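Chains as they are written, first to last, in the numbering used here: chain A, 1 to 456; chain B, 1 to 1011; chain C, 1 to 181.
You may find that some hints are simply not true.
[What the hints assert, rightly or not] Each computed DMTMM-like pair below joins lysine to aspartate or glutamate, with the alpha-carbon atoms no more than 25 Å apart: (1) B:Lys966 - B:Glu758; (2) A:Lys106 - C:Asp146; (3) A:Lys106 - C:Asp174; (4) B:Lys966 - B:Asp934; (5) A:Lys450 - C:Glu178; (6) A:Lys450 - C:Glu19; (7) A:Lys27 - C:Glu16; (8) B:Lys760 - B:Glu565; (9) A:Lys450 - C:Asp146; (10) A:Lys450 - C:Glu45; (11) A:Lys450 - C:Glu141; (12) B:Lys760 - B:Glu996; (13) B:Lys422 - B:Glu640; (14) B:Lys451 - B:Asp398; (15) A:Lys27 - C:Glu49; (16) A:Lys450 - C:Asp46; (17) B:Lys422 - B:Asp398; (18) A:Lys450 - C:Asp156; (19) A:Lys27 - C:Asp146; (20) A:Lys106 - C:Glu141; (21) B:Lys966 - B:Glu707; (22) C:Lys35 - C:Glu49; (23) A:Lys106 - C:Glu45; (24) C:Lys35 - A:Glu222; (25) B:Lys893 - B:Glu122; (26) B:Lys449 - B:Asp183; (27) A:Lys303 - A:Asp16; (28) A:Lys450 - C:Asp174; (29) A:Lys106 - C:Glu19.
No wet-lab data here; the hints were simulated from the structure. Every value quoted in this text rests on a predicted model; they were computed, and no experiment measured them.
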Amino acid sequence: MASPERNAPGGEGLIDPAHDYASVTDKISAFVLTHRTPRGWFIGFGISFLLLMGLLAAVGYLVARGTGIWGVNQPVGWGFAIINFVWWIGIGHAGTLISAILLLLKQEWRTSINRFAEAMTLFAVACAGLYPILHLGRPWLFYWLLPYPNTMNLWPQFRSPLIWDVFAVSTYATVSLLFWYVGLIPDLATLRDRSRRRLAQVGYGVLAMGWRGSAIHWHRYETAYLLLAGLATPLVVSVHTVVSFDFTISIIPGWHSTIFPPYFVAGAIYSGFAMVMTLAIPIRSFYGVGDFITMRHLDNMAKVMLATGLIVAYGYLTEIFIAWYSAVPVEQYMAVNRMRGPYAPLFWGLILTNVIIPQALWSRRVRSSVAALFVLSLIVNVGMWLERFVIVVTSLHRDYLPSSWGMYYPTRWDWLTYAGTIGLFLSLLFLFLRFLPMISISETRALISKAEGEVE
Amino acid sequence: MSGGPRDRLRIDVARARAAMAGRDGSPWRGLEEIAGTPEFEEFLHREFPHNASEWLDPAGRRDFLRLMAASLALAGFGACTRQPAETIVPYVQPPEEIVPGKPLYFATAMTMAGYSTGLLVESHMGRPTKVEGNPGHPASLGATDHFAQASVLTLYDPDRSQVVTHRGAISTWNGFLGALAADMQLRAASRGAGLRILTEQVGSPTLASLLRQVTALLPEARWHQYEPFAHETETRAARTAFGAPLHTWYRPQAAGVILSLDADLIGCGPGSLRYAREIASRRRAEAAGAGMSRLYVVESGMSVTGSVADHRLALAPSEIERFARALAAALGVIGPGDAPGLAPAHEAWLRPLAADLQRARGSSLVAAGPRQPAAVHVLTHAINERLGNVGATVIRTDPVLPDPDGGLPSLQTLVQDMDAGKVDTLIVIGGNPAYTAPAGLGFAASLSKVKLSIRLGLYDDETSALCGWHLPEAHFLEAWGDGRAFDGTAGIQQPLIAPLYSGRSAMELISAVLGRPGVTGHALVREQWRRARPEEPEASWRRWLHDGVIDGTRPPPRDAQVRAEALAGVAAAGPGPAPPQGDLEVVFLPDHGAWDGAFSNNGWLQELPRPITKLTWDNAALIAPATAERLGLASEDLAELTLDGRAVRVPVWIVPGMAPGAVELTLGYGRRRAGRIGTGPGYDACAVLPGSTARAYPGAALRGTRERYPLACTQTHHSMEGRGLVRWAPLSRYAEQPDFAHHQEHGGPGPELSMYREWKYDGYAWGMAIDLGACHGCNACVTACQSENNIPVVGKEQVMLGREMHWIRVDRYFEGSIDDPMVHHQPLPCMHCEHAPCEVVCPVAATTHSDEGLNQMVYNRCVGTRYCSNNCPYKVRRFNFLLYSDWTTPSLKMLRNPDVTVRSRGVMEKCTYCVQRINAARIDAKNEDRRIRDGEVTPACAQACPAQAIVFGDLNDPGSRVRRLKEMPLEYGLLDEINTRPRTTYLARVTNPHPEMPPPAAPEAGGHGEP
Amino acid sequence: MSPAARPTYGLLAEFETAEAILQAARQAHAAGYRKMEAYTPFPIEDLTEALGFRHSRLPAIVLAGGVAGALIGFGLQYWVSVLVYPHNIGGRPLNSWPSFVPVTFEMTILVAALTAVLGMLALNGLPRPHHPLFGVPRFREHASRDRFFLCIEAADPRFDPQATRRFLEELRPDGVTEVPL
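So here's chain A without its partners, still in its complex pose (with noise of 0.2 Å):
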């Protein structure tokens, strides 16, 4: 796809073409440097701290009381904690795979929306991660899953896919953030520059290390960047497929799966897609960015939550064919329960939310449809988050020996930390927003200059 130009629909680009190298530089990093802050941001960050404050406060009880306040029982031993955990890690991989992936496919629409997407990645890790550390019967001892050799010179046992966890998900966290922090260095460079307040330039300066420009910096700053890129993109494939593990590890029917681990991965890419969906089109209005984050974007967007959403449908689909083909009574019984069973209407709420309406994409003039794609984002984060209770609740509550089945019922300090991990989440976002360029300007650059180049 050399030109943008050619396969855009509406013959509309990936930037508007009035834009320069100077323009876009003023434009992006006014944002942030603007002296007046808007409105709208101090509302918006002001309920996502009254939220984060609400966590503190189920934390604070959690910890004062233990793990009991929430609806986890036996048999059903996980309950929300897990299913926020699998959900925040999911919507996080859209960032690394739209940084990373889109970057070795050489996709340019990825450019304007990279940045605040892999924002997003590392504040949907820093959700998932609070989790596992909370769901603990012992929270404060959490640091006995690190490998080094704690009390009495014990270490981790190595074979227990929690353990993966730790690796997997510090990991993912760590090169996220380094990913992140690599593009941000020559825009934290343009900002020292740019900004006239001598504490902005001392900030925005050490951040950028010293940066100028000079082209042979550039020429290793695009290896790193590149080599960062492939390692991230099986660093994101594997993060998902070692969540996945967490079930398929075990001998539960409904988690004892081996389609889980693709399954896993395309259901994150397809709620990850939808989650910068949801944060996309809000910004790009309040922002008023539709000149970088065109109709374009959103189109592809729409199209790879798609292709997704086929790839995890097609998840279900085996499961339960595999369900009955293992001619196992528990698996199939397990099937069977999720359709028929007390959980029923969670389920066929997800076949809803998750397969059925998310086929309007199809339609080019869906997809077209600013408001409509910013509903079906939500349905899907909502169908998303229904799966992962599924899969978590009803294959726990019903196993294999009928006297101990059980139910799950989450309490409203589950209902409460949920909400406090999504006000953390929104929090970080708006001081992103606000300190930091939402879209990578030298990237923008590139991307006018080869425009250009390709007009001439």
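Following the hints, position chains B and C against chain A.
Relative to chain A, chains B and C alone:
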């Protein structure tokens, strides 16, 4: 009732405030009471050696008391019992026998409803912590029931009454004894007129002789007995049949064919432990074959005995008598004319049964239950005679109880006397008549007419509230006593600990009534047996104490015959009119947990899932599915039950297999004054208990109230879903295919298939075999485990959330039709899988495998991911979601087994195969430089099991019993198709149905879905 | 080699387009200048080649990092599970290598990624808080915004204040300024 000590603590604080405000005096009592005694001075001097005197002047003491009351109440009750362990060791065992860390065992006995069971109690540094059965005692043979297991918790119950009160105000023993002496002088003047003593069913010879001394000394005085579940009907029947109140007991081991007419031989009643052992001995895996016995049960409810029967016929209570008469006729005991007609289905059931009994003449057994009218008992006696069972399986002896008529009639006369104003002084000893007496009797109202009412009780309960004086009674583990077993064998009840709350025993009180207040229980009991066995040397006393049994006290069999005229009378009387169609008959039973209320405040028993319903923390009105359909009721509906014009609101619970038309109510709930645990839960069945000696009442009505009452049930799904969990087959199939169990599993790889090189266990390899043919789901193992392993009680809310903590549970499945299901019991401890799925997923290696094959849980390493529990296909792991263990109440700290960690919040726990016992045995073996012998290690569950269904041992020892059992063709592993290699395996159940018996109703999915 | 009158870092020429700076770089290299650098607001293909820069050693370093990560990852697990603290975990063999794969993989990625970033910074001599170029106002204004700069450093053997300035002016820049040290 919410679990967790935090709530309890809050209550204490509340009480403390109340105490300060002077409303509820309870926190004050302990001290006031001690203050009067010399012990208090000692205590003070011990606690405050210097300037102790300042405390002794009244003003100083007031301040001291105020301080103490606060700290006391905050610390929870019983703080005032703090005293050095050494001083509370019974002096029969000199302290130098104590090796710190090594428990001692004392023989003693527990008496329920007049009959006693021998126990061995484990004592750590003078603290009784664990109750075991006494192998030498005929009623125990080493086994115990759940009541005995839980009795230690009652001993340390902080809610036990701790102080003498007079009209609610604190008093002292001395104060009481003064008042008593004064009153007794008046009584003596009038030859005892106006003096009444009300006891429970007395089984103790010593107490009985003391009471007789009272009535001898004061001829006008009367001794009454009231036991809610006494055996007065049997006694009445015996009088009719033999002209004497003969006692009857059974030898089921000698019986090839057993018929129970509403008799829960295994479940409850005197001798049930022994009967369970004997019945199991002819039905367990080793016995499967020609010698196997066949068990028929005719009953209205679903009893434990009925749940393991080969053939069970559910009949409404009134129909059982008709059935008994028909059977008697069929066996030629009474004329065919005297027998009522039966429904064809029942007729078809009866004919092969009669033939079977005939065939097994001399080795059959027919038993009638305590709820059956005297006529049925008379007929049963006659039938057993006709079948030549008397002397073989049925033994008749002179009465075992000193006064076997202890029951309602006795109480009725007392109430009449009280109403007539003939009673000036009433001494109520034990029991709780104000709660258990039938509402129809108006006992409470009459009691208020008595001038001087004195109550000796473990708890300050409903009865105490109505009495002028309340005296704290000594728990049986605190007091000397004696008793007789179901077969009459006498045994001594030794105290394991000095009274925690300065309580005194019944016999000490009666001795005071006789004007000898100072005499100790020990002296009284010793004196009694010196008189009873003058020829015995002093040495034998010590032997009796040691053995817990007094040899040669079992009464010889009497060959009495049922008198013809008695039989004729019964035959002539006829069964009475058949109840109208759709009539509801109410049956009153003792509760499996709370009994008659005596154990209402016992958390272990409250949280013990009832064998059939799996309910905890409540009693419910049990009805048959058909009845529920007819009345449009569902489980957990709150209904109004009316009987004889009295009404009570009861939650309904549907029990598959119950007789249509029968409603089962249990006592022991709806307590108004039982303690922090017992007050509140359930409904009061006594409120509708009519004042008659019957136990089944027709003409009841049950109406739904459109309200729901949530019940805490530990098993909500009752079908095996066609999975081969409990594997069983009739004897015929077993004969042709002994390893049928291995042909019932569902696909999957055989256990041979594994990807890993096997670990070698060359030292010991511990394993367990559970015989599903022997287990009858009595729950003794569950309570034993709870007691041995310091397992906390979590409370109703937590149970409803599915967070009960029992390390071993008994799964109960229904199979076949919902109206006539087959019942299976399956005890489930940890399986100790060799390929343990739980271990692999633990990120911190908190659960690992020992080199003896134990799946061990390291509490202090656990961070609480709960992954192991998720990944356990047997769901035997238990998680401390909150701080369940009580870390605050001092008296409960004395209860703990010092060899087992008390778990804290946020850690996983589970069955350890009682590793502390394994290690104790290992130490002994090492000291003697030998291997641990087979049978040397017995986990608490196996030890308590009356049926010996649980066998534990070393799989590497070729001679071990468990090894032999595991080599049987019946052996199978639960879920072995997922290749977890469980060390705990099961022996498939073999039933022995009669070939000519009509098959039960067509199998359909039984008991589905959440109630 | 006439030494510069006053200490200078080099001469800085400013260009407006990417094409222009590419041209300039090529000619400067042809003219034999070696110690020079181009500064651009975004990476420009071929510019480094034009400046005579060959290839980066970074990929090799990162590969080494990845291999090291893999060895550390598996080595740690083997050492812990088999040598220092052997456990019977669910009857699994001590060396359950399949279970060790995920951690090994993650460690590979982690170490490789860290070497990539740190290596890049190290080779670029970053962080470097100050640099003579920051003393040039035009550079500060435009280097990170919209302009392209070519700097021939005084350290270059062929550098001569007059000759080099003349040479640069022939490249028709928007201006040539001296960069004080």
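Cross-check of the supplied hints:
The hinted pair formed by lysine 966 of chain B and glutamate 758 of chain B meets the criterion: a straight-line CA distance of about 19 Å does not exceed 25 Å. At most 25 Å may separate the alpha-carbon atoms for a hinted pair to count; lysine 106 of chain A and aspartate 146 of chain C meet this at roughly 24 Å. Between lysine 106 of chain A and aspartate 174 of chain C the alpha-carbon distance is near 34 Å, which puts this suggested pair outside the 25 Å criterion. For the hint linking lysine 966 of chain B to aspartate 934 of chain B, the alpha-carbon distance of about 15 Å falls within 25 Å, and the restraint holds.
Restraint check for lysine 450 of chain A and glutamate 178 of chain C: not satisfied, since their Cα atoms lie roughly 31 Å apart, outside the 25 Å limit. The hinted pair formed by lysine 450 of chain A and glutamate 19 of chain C meets the criterion: a straight-line CA distance of about 12 Å does not exceed 25 Å. For the given pair, lysine 27 of chain A sits about 20 Å from glutamate 16 of chain C by alpha-carbon distance, which is consistent with the 25 Å threshold. With a C-alpha separation of about 73 Å, the suggested pair lysine 760 of chain B and glutamate 565 of chain B falls outside the 25 Å cut-off, and the hint is violated.
With a CA separation close to 14 Å, the supplied pair lysine 450 of chain A and aspartate 146 of chain C stays within the 25 Å bound. The hinted pair formed by lysine 450 of chain A and glutamate 45 of chain C meets the criterion: a straight-line CA distance of about 11 Å does not exceed 25 Å. In summary, the hint linking lysine 450 of chain A to glutamate 141 of chain C is supported, as the alpha carbons are separated by about 23 Å, within the 25 Å threshold. The suggested pairing of lysine 760 of chain B with glutamate 996 of chain B is violated, with an alpha-carbon distance near 51 Å, which exceeds 25 Å.
Simply put, lysine 422 of chain B and glutamate 640 of chain B have alpha-carbon atoms about 38 Å apart, too far for the 25 Å limit, and the pair is violated. For the proposed pair lysine 451 of chain B and aspartate 398 of chain B, the alpha carbon gap of about 39 Å is over 25 Å, so the pair is violated. A threshold of 25 Å between alpha carbons decides the hint, and for lysine 27 of chain A with glutamate 49 of chain C the separation of about 32 Å lies outside it, so the pair is violated. For the suggested pair lysine 450 of chain A and aspartate 46 of chain C, the alpha carbons sit about 14 Å apart, so the restraint of at most 25 Å is met.
For the proposed pair lysine 422 of chain B and aspartate 398 of chain B, the alpha carbon gap of about 34 Å is over 25 Å, so the pair is violated. Between lysine 450 of chain A and aspartate 156 of chain C the alpha-carbon distance is near 33 Å, which puts this suggested pair outside the 25 Å criterion. With a CA separation close to 13 Å, the supplied pair lysine 27 of chain A and aspartate 146 of chain C stays within the 25 Å bound. Proximity of lysine 106 of chain A to glutamate 141 of chain C is assessed by CA-CA distance (about 31 Å); at most 25 Å being required, the pair is judged violated.
For the proposed pair lysine 966 of chain B and glutamate 707 of chain B, the alpha carbon gap of about 51 Å is over 25 Å, so the pair is violated. A distance of roughly 14 Å separates the Cα atoms of lysine 35 of chain C and glutamate 49 of chain C; the hinted pair therefore holds under the 25 Å criterion. As the CA atoms of lysine 106 of chain A and glutamate 45 of chain C are separated by approximately 15 Å, the hinted pair is consistent with the 25 Å bound. Between lysine 35 of chain C and glutamate 222 of chain A, the direct Cα distance comes to roughly 22 Å. Compliance with the 25 Å bound is thereby established for this hinted pair.
The suggested pairing of lysine 893 of chain B with glutamate 122 of chain B holds, with an alpha-carbon distance near 16 Å, which does not exceed 25 Å. A threshold of 25 Å between alpha carbons decides the hint, and for lysine 449 of chain B with aspartate 183 of chain B the separation of about 17 Å falls inside it, so the pair holds. Only pairs whose Cα atoms come within 25 Å are accepted, and lysine 303 of chain A paired with aspartate 16 of chain A is accepted, the gap being roughly 22 Å. Simply put, lysine 450 of chain A and aspartate 174 of chain C have alpha-carbon atoms about 22 Å apart, close enough for the 25 Å limit, and the pair holds.
Using a Cα cut-off of 25 Å, the hinted pair lysine 106 of chain A and glutamate 19 of chain C holds, with the two alpha carbons roughly 22 Å apart.
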